Amino acid sequence: MIITNHSLKAIFASSIAAAVMTASGSALADYPERPLTLIVPWAAGGGTDATARTIARALEEELGQNVNVVNRTGGSGVVGHTAMINAEPDGYTIGLATGEVNMMHWLGLTNLTYEDFTPIAQINYDFPGIQVAADSPYETLEELLEAIRSEPKGTFTASGTGQGGVWHLAFAGFLMDQGIPADQVIWIPSEGAAPAMTELVSGGIDIVPSSVPEARSMIEAGRVKSFAVMSPERIPSFPDVPTTNELIGSSYQVGEWRGIAGPKGMDPEVVATLESALEAAYNSDTYQGFMSQQGFGTEWRNAEEFGQLMEDMDSVFGEIVEQVGLAN
Amino acid sequence: MNGVGLVLNFETLLVILAASLFGIFVGAVPGLTATMAVALLVPLTFYMDTIPAIAAIVTTSAMAIFAGDIPGTYLNIPGTPASAAYVGESYALAKKGRAREALGINLVCSVFGGIFGTIVLIVVAQSLAEVALQFSAFEYFWLAVLGLSCSIFISVGSRTKAFLSLLFGILLSTVGLDMMSGAPRFTFGVPDLMAGINFIPVMIGMFALNELMSYYASKSEKKTISIVDNDSVFHNVPGHIKRYWRNMIRGSSIGTLIGALPGAGADIAAWISYGVGKGRSKESAKYGTGNIEGIMDASSANNSGISGAWVPALVFGIPGDSITAIVIGVLYMKGMNPGPTIFMDGSGLIYALFMVFILANLMMLPIGYMAIRLSKFFILTPSRVLMPIILCFCIVGAFAINNSVVDIWLMLIVGLVAYVLAVNDFPMAPAILGLVLGSVVENNFMSAMLRTGGDLTSFFARPISAGLGIAVILLWCSPLLIKAYRYQQHKSG
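Residue numbers (our numbering), protein chains in the order written: chain A, 616 to 943; chain B, 9 to 501.
These are computed hints drawn from the structure, not numbers from a lab.
Owing to the predicted nature of the structure, the values given are computational and were not obtained by experimental measurement.
Even for Gly, the Cβ is constructed at its ideal location relative to N, Cα and C.
Take the hints with a grain of salt, since some may be wrong.
[Said to hold, decoys possible] Partial selection, computed: residues in chain A whose CB lies under 7 angstroms from chain B: (1) A659; (2) V693; (3) G779; (4) P804; (5) N917.
[What the hints assert, rightly or not] Negatives, chain B to chain A, calculated, CB over 10 angstroms: (6) L22; (7) S144; (8) M371; (9) S455.
[Stated by the list, open to error] Restraint-style ranges between C-beta atoms, simulated for each label pair: (10) B:F407 / A:N943: 51 to 61 angstroms; (11) B:K290 / A:N681: 57 to 67 angstroms; (12) B:L29 / A:P847: 45 to 55 angstroms; (13) B:F33 / A:N681: 21 to 31 angstroms; (14) B:D463 / A:E926: 36 to 46 angstroms; (15) A:G933 / B:S135: 28 to 38 angstroms; (16) B:S226 / A:N681: 25 to 35 angstroms; (17) B:W417 / A:E754: 51 to 61 angstroms; (18) A:G769 / B:L29: 20 to 30 angstroms; (19) A:P650 / B:E291: 19 to 29 angstroms; (20) B:L29 / A:P650: 21 to 31 angstroms.
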């Protein structure tokens, strides 16, 4: 009896010791040994959510662990991004960070900046397009821009995101690039591209500078036409939509990046494991097939390049926010 | 008809059956909602083919909306927001020992509404979507004001208290990031409050938690329905249909139309239909005391609203409500891009989808009947066992909608406030509608003002907008007009 009791204790003690050792020393070698959580700062069913779920599925195959997508929505992305930086930096909670990281703090919504993240990899980049209603009196981008220039300030209205959202700032930046004051076109805030599309078709507004895939169903329905996309090259699934560079020689190309990031202070080994798994997931048929079918832009940047992009875009958006008069 | 093969196979039928049971369970448990059920399905649909995936969502949402009436009837706790409009009606009937009769007519109206909405979807989806596309900020503003006004006009008891309750809801709706200015309001530095106050934890707090607290406050063990009901589920249904078939048709038409408007869903449809029903009924005084008519109005409307919401979703890829917003995402992931091409691509997918709708709604009859028979559980389980279980589900439901602990606190605080309000005879329903529609009214008003440079007459400049505006103003003036008319009659008579 005593012996049994004693040996039990011994087994117990040694197993604790083993557990402690695994937890401290050799844990990294086995990473990941349990499922990961991927925080998405936008709603289930949207484009970002679909991108996240697709990369999560591809990543599962690389890591051999489940990757659970959790939506933390609202507050123009503040809620989800805050949840990402407040997670334990153990590599088991990561997130799909979006370009809003470079806008929110300029708008005075939050104190978090790109410096609060550990960048892992960029997986997508979407450029804004210029969409108008099919029955719009303007036939080309040049005509539209000419009218915006010559008509009095406030004649034209545009919509597609909330105040200070990505398409608002990207479009304001485009106007400034064309030598037009940013407030020449009034921005009507909306909850996203979909409600803006209905407003566009019902005649409530004039322009929606969302990404072209967001206008796809309305373009196919013959209700909306896309004049141009502000990208370096035409989007493969919309070959008829020219780039702004082809039409007016503009090289202004500011859009929405999406990438995988974690909280600050992640172990470099864990980051390296995730980075190489993500590269394989990015190149998988699952991910590439889905993105090209949707017309979403694919763009790969590794951890270092992604960090650099976040830094560069931060000053770009800071300047636009300042010019538009939204700085806080 | 290659769509038939896509539906009538083992996998799809099994999915429909499983989704039915899942939907009934989620709908019938206070605290868990239809939107949450659909959101939980998204990861699962990833591993299914297109048609089973859609079938799972259609079936789950339709079942959950019906099943929301079960705890509403037995416990006065609506299972989903769409049942909140008439929960008082069915609970009053249950107290009279007519719970099954109420649920029976509810079930038949739900099936009728769902199929009605589906037929509209099949026959006139494209032209109905055209009408919905005429709606701009001006029209939505009036529609939301109409919904808010209905909540006061249909409330039982003091209208002043109903109005104050509505204002409380509107106040809650102002929390969060203001869409127009982009400025945070009443967030007190809590990031989670930036997203605003989600109406689901609030609804759970207001109805479920409030009901739990009044149970513990009242001390009497058997506060819930004392009469064990053995009335028949379907016995009185033919009689009711014969008398009130107009309510079913009217409710379903209103439901489909409102559902088809982007952004307005089954909950608003149920309110407006109930309000219209009360206004047009010969026995409007009976509304609120356990009236079968009101149940028929609203329960046909909320299920037809579910189908109606698919109209803009399929034709233009624009969500009609929070459920179809998720559906569109699933469709995209399955490579089935919503839009006009979905009707023409010749793959039969669209026919398969229609069949799924009809099947899901028909399945509601047997499975709903089973659920009604089983829901005796709510009476047989001693309250001291049932109530803590409900509390657990309330906490789970409040957390699950946003994966946020803040929402649990929100539910608890709102529950306490609601208890104080309820003890003082303030109705809860207007507050919920205020929270749901408050931001719709505000954002559309601001949006309209921004683009017209503050010109108020613009709300009457477009034909549909002007029509809706006049209807709202007439509704507001109706108590005065009726009084004036009666006074005239009195003087002359």
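Do the hints match the structure? See the list:
no. : hint                                : verdict
1   : A659                                : 5 angstroms, holds
2   : V693                                : 5 angstroms, holds
3   : G779                                : 5 angstroms, holds
4   : P804                                : 5 angstroms, holds
5   : N917                                : 27 angstroms, violated
6   : L22                                 : 23 angstroms, holds
7   : S144                                : 4 angstroms, violated
8   : M371                                : 24 angstroms, holds
9   : S455                                : 5 angstroms, violated
10  : B:F407 / A:N943: 51 to 61 angstroms : 32 angstroms, violated
11  : B:K290 / A:N681: 57 to 67 angstroms : 59 angstroms, holds
12  : B:L29 / A:P847: 45 to 55 angstroms  : 52 angstroms, holds
13  : B:F33 / A:N681: 21 to 31 angstroms  : 24 angstroms, holds
14  : B:D463 / A:E926: 36 to 46 angstroms : 45 angstroms, holds
15  : A:G933 / B:S135: 28 to 38 angstroms : 48 angstroms, violated
16  : B:S226 / A:N681: 25 to 35 angstroms : 46 angstroms, violated
17  : B:W417 / A:E754: 51 to 61 angstroms : 55 angstroms, holds
18  : A:G769 / B:L29: 20 to 30 angstroms  : 56 angstroms, violated
19  : A:P650 / B:E291: 19 to 29 angstroms : 58 angstroms, violated
20  : B:L29 / A:P650: 21 to 31 angstroms  : 27 angstroms, holds
Going down the numbered hints, you'll see the structure goes against 5, 7, 9, 10, 15, 16, 18, 19, while the others check out.
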